[in-house]
Structure formats: structure tokens, C-alpha cells
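Chain order of the listed sequences is A and B. Using my numbering, the first residue of the first sequence is number -17, and each one after it goes up by one. Using my numbering, the first residue of the second sequence is number 121, and each one after it goes up by one.
A hint or two may mislead.
[What the hints assert, rightly or not] Reference excerpt, derived from the structure (chain B facing chain A, CB under 10 Å, subset only):
#1 L337
#2 E360
#3 F407
#4 R502
#5 R505
#6 P602
#7 H613
#8 R616
#9 S669
#10 R672
#11 W676
#12 W766
No lab work stands behind these hints: they were computed from the structure. Every residue, glycine too, gets a C-beta built ideally from N, C-alpha and C.
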Amino acid sequence: MLTLDKARTDSQVEIVKVNGEKATKRRLLELGILPGTEIRVNKVAPLGDPIELTVKNSQITIRKKDAANVVIVQK
Amino acid sequence: MKIVLAGNPNSGKTTLFNILTGTNQHVGNWPGVTVEKKEGKLKGHKDVTVIDLPGIYSLSPYSLEEVISRNYLLEEKPDVIINIIDGTNLERNLYLTTQLSETGVPMILAINMMDQVEKNEDKIKTEALGKYFNSEVVEIVALKNKGIDNLVSKALEVSKRDFTYKPTEWFSQDIEEVLSNISSLIKGHVDENLLRWYSIKLFENDEETVKQIILPLGVNEKVRKVVNQFIDNNGDDDNESLITKKRYEHINRICNKTYLRNKIRKEKMSNKIDRIITNKWLALPIFAVIIFLVYYISITTVGGLLTDLVNDGLFGEGGIPDIVGGWLSFAPDWLSGIIVDGIIGGVGAVLGFLPQMFVLFILLGILEESGYMARIAFILDRIFRKFGLSGKSFIPMLISTGCAIPGVMASRTIEDERDRKMTIMTTTFMPCGAKLPIIALIAGALFNNSGIIATSAYFIAIAVVIISGIILKKFKAFAGEPAPFIMELPDYHLPRVKSLGFHVWNKLKSFIVKAGTIILISSIVIWFFSSFSWSFQMVDNVEESILSSIGRGISWIFTPLGWADWKATVATITGLVAKENVVGTFGVLYGFAEVAEDGGEIWSVLANDFTALTAYSFLVFNLICAPCFAAIGAIRREMGSAKWTWIAIGFQTAMAYVLALIIYQIGRIFIDGFAFGSIIGLLALAGLVYLLFRKNPYKD
Chain A
-17 MLTLDKARTD SQVEIVKVNG EKATKRRLLE LGILPGTEIR VNKVAPLGDP IELTVKNSQI
43 TIRKKDAANV VIVQK
Chain B
121 MKIVLAGNPN SGKTTLFNIL TGTNQHVGNW PGVTVEKKEG KLKGHKDVTV IDLPGIYSLS
181 PYSLEEVISR NYLLEEKPDV IINIIDGTNL ERNLYLTTQL SETGVPMILA INMMDQVEKN
241 EDKIKTEALG KYFNSEVVEI VALKNKGIDN LVSKALEVSK RDFTYKPTEW FSQDIEEVLS
301 NISSLIKGHV DENLLRWYSI KLFENDEETV KQIILPLGVN EKVRKVVNQF IDNNGDDDNE
361 SLITKKRYEH INRICNKTYL RNKIRKEKMS NKIDRIITNK WLALPIFAVI IFLVYYISIT
421 TVGGLLTDLV NDGLFGEGGI PDIVGGWLSF APDWLSGIIV DGIIGGVGAV LGFLPQMFVL
481 FILLGILEES GYMARIAFIL DRIFRKFGLS GKSFIPMLIS TGCAIPGVMA SRTIEDERDR
541 KMTIMTTTFM PCGAKLPIIA LIAGALFNNS GIIATSAYFI AIAVVIISGI ILKKFKAFAG
601 EPAPFIMELP DYHLPRVKSL GFHVWNKLKS FIVKAGTIIL ISSIVIWFFS SFSWSFQMVD
661 NVEESILSSI GRGISWIFTP LGWADWKATV ATITGLVAKE NVVGTFGVLY GFAEVAEDGG
721 EIWSVLANDF TALTAYSFLV FNLICAPCFA AIGAIRREMG SAKWTWIAIG FQTAMAYVLA
781 LIIYQIGRIF IDGFAFGSII GLLALAGLVY LLFRKNPYKD
């Protein structure tokens, strides 16, 4: 099961499922990280964490720990 | 009449608010919390108030900003909502719109950044869009002041109209059935306009609603039953996530019909810039250069220049104190004393800082407006997280190297309460501008003016911040998993002079008003205590004053630190008014009415009363202990409670005491050999090490 924190940088991924504790899960979904949608993984911060994503035309940064809640398939 | 502004962060809401209210705005706090509330009068319409809600993505029950916003909309019943939408980010912005439309408050959509939309060659069918939300739509470009007049007149028009809330049913049929059931169950127990809002919330098992809504027991049970039945039949998803997804499905349908995207998507300018700014190799060096420049320009060159002008020109020789002193030469001593030394001296302390703060605020405002601040949090988050803080803690610490008051205020951007409290508590360890004279004094008197002393002060400060983070994280109040860090990186744009102006003005105003009053009052109080004896007679010799007897009375406390001298104690106490007072007080106590900023006149006498070791211990104590009263006031405001303020300054002072003690006692071992005090020193060191390295009882 591939999760968002392990995605390749500079690639497209498709969201399969969003897990996690209520508030985190909701926040992720609300920002547009929804099962069935495609998002872009842009890069990792210079020190290794957090990661930067492009979700629906905006840049979102998220810690790898929280990204591990999102199950994806690499495109 | 009340107009409410609601929208995503970075949608241009603040710009719009500033245009609508001009300088007629008031910044305060939402009742009982440390979330900023902005309110103002609509320009040209004295009877219309504009309230700026915090930037939010949703009206979920999970964050303070969202709960404040929804409570305001449901309870205060404003006359109209202006929902500001970023036209380049339509889908995500509409997510909030779907929820706002359920609050029963008339709404008007203001689609901002239309110039960018045009540039991208996208098209939005605004009229059709509005129909989906039963709202009028106005296109605006807030930055260029376009469409605002239209927006205002439409908003006023909408608010005056008779409005009946017509809920649109857009969820899937099975959900709409359940919602309809719930609606009929709760009918009569809630506001008619809010039936849809509450049925959706009850369906989602919204915790805030469950807390607030009062339903008769029987009704409650039936609602629970209906909801649970749906969950049983549905299986996979929880209702909350289901609703969220359905909202986006609906938005998708809307956008397919109304948002015509240019097929060719050019790379955003912001992304191009970020390829350099957050580049793996370039990010940190670029960051270091920018921070250095900010600091250098504000504290040293420009800021320093202006401060010197104020301190030496206005308040120095032949300046205001002397002039006013001349006017009052016929007045009784106590009166001229209170005015010249107390009031003017106090005011001078505040004004002396203003130029540096002004420049610092401008530079930091530029960093924030441009969008770079968010990148700093992104770059530094990993390091700060190791010490229990977050990337957002960096800015308050940076600002505190100028002055802790705006530094503490800057911690507002940190959403997680534990992170914020910890940042507030540790940010004052950074040597602020007022502490520099103390460093200069000690370095000059006891260390041959070596530059190493100043450098060591910064290193010790950083070390203490890190140590504090690690130690505090192991206490219940700060323990636990860090809050999720999910942050949007706003697009870069050139800072706008007007916004910058507002930004800086608001910060400066709080500093002057709040810090100013505290510094003024405490200056007068200290002046009084140092000029009068216990019999309330004015004294010429400060050794006979109340202050000095207090100093003598408690100086024994500092014996383990090596400097139980009454003069040092008194100087430390006056440091609570303003840290640079330490130097001035030493001057007075050693018989010099006035001394240079670094106290050059008293270096030799000081060298008689201190050794290098005791002087360093004194320095560390004064740098790390509780900050000046004005900063304590800022802490009080940002902590929101007296209890936490005491915890903060207690922690800081205890840390200062322990460190100074360790430095002195262990240092003494190398000079004088082992003594009784050495045991205390070693014990203190052991205690510190234990707190640092013990297992975190709250980590699994």
C-alpha cells in the first residue's frame, strides 16, 4: 500500500483513500485531497520534510507523518 | 447594519477589508480567545459595520477560527455575507461557499483576482454560478480597487431586500432523504432558517452542534436512530467524509458548467520562483542571506541610525529632557523629577526603540506580504519540530532579536495552542535590542571588550530555546503528538504599499499604546522608589532610597550566583522596566548621573565589584530571566490568562537562575577549587541533564 509520504517527487498521484484522525482527515479532504482525484507531488523541503503538493491549483505543504494517512497510486 | 466578510486565507480578504473600511478599523480579539477580530465602519456609511471573519477553508468544528466564524453567523445574524472567492482557485473556494449558503444569511459572491483569471485565459460564467447559490455575483480585483463600488452597492441592496432562505438540495437522493427526515424531526426546535444547517450537522455528528443544540430527549433519540440507520446501511465512509465528498461532487458539476479553463495551463510564476527559493541546495543559503539583511538593515544600519538620532538628538544633551528641565527649574524637585526623569525618561525609552521597530516591521511586513514567510515555515519546520516547536516559531524569534513585544505578538500565526504557548515562553530568551547595552557593559568592563561575549549571548539564547523545547515537551501541558501541519503556500506577489502600511501601522500602534503605557507607568514607579526614602522624603543619595533598601534586603537571593551585591540587585530590578535600564542604573548607583550606552564610565569601578565569572553569571541571568514589563504585558495578552503568564515568567526566571548558578559554581571549581557551593552547582546541572534526557512519559 503506497502512501503519500512515499510518493516520488515531481510526479502525479491518484488518491485512493484518506485515513487518519477526524480533524486531520477532514482537513485533507476539504483541501481537495479526495479519493479519485489526482494531485501533484512537487518536492520535499530541503531538510527532508514537509512535502509540497499541488492540489486544485494551489500549493499545500504537509508533513510526511500526516501524509502517511493518504493511500495513493503512483501515476 | 452588519456586513460580514468570509473567505479562504489568501483570497484577498484583508485587502478588501482595508478598502472597505479605510482607517476606520479596530483590531481586537474575539471574546475569550486569542484570535484576531477586525471590525470597521464601511467608508461613507457610518451605520454599516464590516466584520472580518478569520480566513477559513470550511465551517468544520475542528479549529477555533472555524467555530468562531460559524457561531458568529448563526447567532449574530449579520445582514449580509460577502464571500470573497479567489477566482484562480475556484473549486476549493466554493467549498466554503456551499457551507456559507446553509447558514440562512443572505450572501453575495465577490470573485477576486479576475485580472489573473483573464491573464490565464480562463472564463467564469458568473451569473450562472450565482444561480447555484441563489446569490448575486460581483467580479472584483481588490488589489486594483476594481469593482468595489459595485460590490458595496449590491451588498447594501441585498441586505435591504426581503430574504427568504431557499435551501438547495444537492446531495444524493439517499442523503437528502435522511436530511429531510431529520429536518421534520427537529422542526420547531430550531430556527426555521437553520433547519438545513442543523440537519446536515446532526447527520455529520458534528461535535460543536451536539454540544450546543438543545433537543428534547425523545427527538434526540429519534435523530440518532435515523442517522445510525444510514451508517449501518452505508458501511464504508463516515458521514462527515461523505458530506465533504458530496460537496465537492456538486462543486465539480457546477464548475463543469461555469468554469471554462484554458486548455493550456502555463506554469505559475510562483512555482517558477519556488524552484529557486525552496530548491534543495539554494533554500537555506538564500534564507540565511535574507534574514541577515533584515536584521542588519533594521537593527544596525537604518534602524540603528534613526534610533541614535532619537536617543542622542531628541533625548540627549540639549534635547527634550534638558529643555523641559530648564522650564521646570522653578518647580519643586519632586515635580520636575517626576516629569523629567519619570515621564520623559520613560517615554524616551519607548521612543528610542521606535525607529528600529519601524524598520523591522516594514521588512518583516514585506516578507509576509510577498509570501516568503510561508516558505520559511516550510523550510525550517523539520528542525523546529525536533525541539517541540514548529517552523512558524521562527518568525517570532527573529522579531524578538529586535524587540520581544512584537515578537510575542507574532506568535499568533501559530495555530496549535501548545506550540504557541511554548513559542511565547521561549521567544524572550533571544537577546533583544535593549539587552545589547548590558552585553556591551559586561564585555567592556570585564572582558576587554571582546566580541565573543556578544556572540556567546546569542548562542546561549538559541541553546536555551532548544533546551526549553525539549524539557517542556515532556510535561503534560505540552506533550502529545504535534498538531497536523497542513499549510497553504500563497502565491508570491509584490508587497503593496497600502497593505504594508496598514500592517506596520497596526503593529506599531499596539506597541506604542500598550508597551508605552506600561513602560511609562513603571518608569514613574521606579523613579519614585529610587528618589524617595521610606519616610517619603526626596533623597539626593540613591543609597538612601526605598529601592536601594529593597535591593539590600533581597540581594542574598543571588549569593549562589556569585553577585549578591545590592547594586546588582537594584540594577536587575530596574531591568524589569526596560532592559537597558540596567546600565543606566549602575551608572547612577556608582555616582554617575549619566553614562554612555555601554556604560564606559563605570567599567573600572564595575571591575572592582565583579570578577569575570560573576559578571558573566550576572549577564546570563539578566539575558534569560523574565523580560521587561511591557513584554510581560504582551505575553499576558497572547497567553490570554494570568496563570500562564506567571508560568512563563516563572519558567524563564527559574531557567536564568539555574543557568547562572551552574555557570558560577562550576566555573568556580576551576578557579578556587571545590567548595560547598560546587555541590549545589553540580546538583543543579544534574537536575537540568535529567530533565533533558529523561524518557518522555507521554510518548508511546
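message = Output the indices of the hints that this structure fails to meet, ascending.
response = 1, 7, 8, 9, 10, 11, 12
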